[in-house]
Amino acid sequence: MIRVTDLNIEFFDHERPETVVYDFDLTLHEGEIVGLVGESGSGKSMSALAIAGLLSRKDMKKRGEILFEGVNLLDCDRKTLRKFQGNEIGMIFQEPMTSLNPVKKIGWQVEEALRLHTDLSKEERKKRAIEMLQKVELHEPERVYEQYPHELSGGMRQRVMIAAAMICDPKILIADEPTTALDVTIQEQIVALLKRINQEKKTAILFISHDLSLVHQLCERVLVMKGGYVVENGSADEIFYHPKEEYTKKLIAAIPKVVRKTEKDS
Amino acid sequence: MNWKKIRKNKNFIAGSILTGIMLLLILAGCFYTPYNPNTMDPSAKFAGVSLKHLMGCDNFGRDIFSRVLSGSRTTLIVAAGTVLIGVVFGILIGALTGYYGGVLDEVLMRINDAVFAFPSILLALLFISLLGSGKYHVIIALGIAFVPSFARIVRSEFIRNKNMDYVKSAKLQGAGDFRIMFVHILPNTMTVLLSAIMIGFNNAVLAEAGMSFLGIGVQPPDASLGRMLSEAQSFLFSAPMYALFPGLTIILLVLGFGLLSDGLKNE
Ligand SMILES: Nc1ncnc2c1ncn2[C@@H]1O[C@H](COP(=O)(O)OP(=O)(O)OP(=O)(O)O)[C@@H](O)[C@H]1O
Ligand SMILES: [Mg+2]
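Protein sequences appear in the order of chains D and X. FYI, in my numbering the residues of the first sequence are 1 to 266. FYI, in my numbering the residues of the second sequence are 1 to 267.
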């Protein structure tokens, strides 16, 4: 459904040009969940932002192709891009603290895509938004609708983000480390919620994380990135149980430590 | 901000009360002054403070209390107009330069710096010499002089906000640049902007007083606090009350807005 070929991202805003993503390839089919793992700075977010059409057009050069419904998102005009954004591609971010506008009510923010892409009346929008808040398992959706982000916990905010990203039923949802800032129990709930959305709506999900065990739980296919390169690409089981690359082995070896640490914490 | 916080914010409370009283008095002065502020009564020349003339009379026998009321009104109108021009254009320029960056930012900010390099009163002097004096020209001149400081504040707030994830989500929801700038980001600059508006108000009151004092501001028959001070200076020793009351009014106005601004900053 979306096919990325040979994506290269190069920055020009420092003295030397700097390539942060090399020859990135990805195909995402309907209803599929693909994991993208790798250490900090390996280029996961940059690739994701490029796919979402969110990289600025200045200070950087992008090569390659991102084909979505026959359109190359990398060189289409802004108007076409904006039609895809929101309607077809949604994204949630790592830091639920800053991914919601601090001065706007939750309801307003969840409705924004409806306001821009449909001509539903105010009441219909509110109805849809509250339904959506209910779907992401927020209790008392009517109350949350009237609240501001600072009144919610991190997990609740991330649910609100999912509601806002999903309200127009996009075909693709990009989740950039959506659980990194949350504690373990909430992490599991959010992952379960994403899985449910994927099953109900057939939304394709690109799940970014540096936690291989989470990725293994959720994804069928996994891409491993290091230093801007995709170093390994295969089914989740394959990569988890029979990693080919030294780097992947190291990532897997890092998991038990994380588990032990969280056990100690709780 | 919420009520609990506001109740603890002494600056904000004191500022609101002081400004509130001043504004109420000035508002009342729009409908009623004990005397016509411009009517001269030779028999009351330099009359002292009494029940009849709360603040005494000036060298023409005009009631100083009535003139302070109508003069404050002029001063406030000039200050409000100045701040309005400064804020509107400051927001436009600051939003565009901060959000887009690049060449537009370079060009506009260099112009901005050039304007900013002059003290605003000097700049206003320059405009007045081109436009001629009078209340409305003072507003335009001071307004232009005030644009750069607002533009800078708004620009830095936009730079701070534009890379935040909430802006990215707004883009992904399909919001266009102008919607992102003025609907999503602008409300986030309000606390900082409000505090700057209060300071701007103060500077405008002082600038108007300064210009009128120099005789290039508000022209007769309009009274303004600055002009009253200027007229009073020849009688500083014979009739100190004449200078004292307009001066005191300026101080109270500036103090009120200053406290409000401090209070808002602490939010
Ligand atoms: N404006 C920029 N100019 C030059 N290099 C940049 C710029 N922004 C990011 N980078 C570089 O791009 C690389 C990839 O960053 P990216 O955010 O994609 O990493 P990531 O894999 O998402 O890491 P994390 O797990 O910390 O989120 C980093 O090495 C970073 O230093
Ligand atoms: Mg990242």
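Think of the hints as simulated: they come from the structure by calculation, not from any bench. Since this is a predicted model, take the numbers as computed values, not measurements. Check the hints yourself; a few may be wrong.
[Stated by the list, open to error] List time: in silico EDC-like cross-link candidates among lysine to aspartate or glutamate, alpha-carbon distance up to 16 Å: (1) D:79 x X:177; (2) D:58 x X:105; (3) X:168 x D:95; (4) D:250 x D:211; (5) D:83 x X:177.
[Claimed, not checked] These stretches of chain X come out as covered by chain D in the derived footprint (C-beta under 8 Å, 3 or more residues): (6) 63-74; (7) 164-174.
In this text, a Cβ means the ideal position worked out from N, Cα and C, and glycines have one as well.
Going through the hints against the structure:
1. Among the hinted pairs, residue 79 of chain D with residue 177 of chain X is consistent with the structure: their alpha-carbon atoms are about 12 Å apart, no more than 16 Å.
2. For the hint linking residue 58 of chain D to residue 105 of chain X, the alpha-carbon distance of about 14 Å falls within 16 Å, and the restraint holds.
3. Using a Cα cut-off of 16 Å, the hinted pair residue 168 of chain X and residue 95 of chain D holds, with the two alpha carbons roughly 12 Å apart.
4. For a cut-off of 16 Å, the pair hint linking residue 250 of chain D to residue 211 of chain D stands: about 12 Å separates their Cα positions.
5. Restraint check for residue 83 of chain D and residue 177 of chain X: satisfied, since their Cα atoms lie roughly 14 Å apart, inside the 16 Å limit.
6. For a cut-off of 8 Å, the count of residues in the stretch 63-74 of chain X with a CB near a CB of chain D stands at 0, and the three-residue condition is violated.
7. With a threshold of 8 Å between beta carbons, the proposed coverage of the stretch 164-174 of chain X by chain D holds, since 10 of its residues qualify and at least three are required.
Violation of the numbered hints given earlier is confined to hint 6; every other hint is satisfied by the structure.
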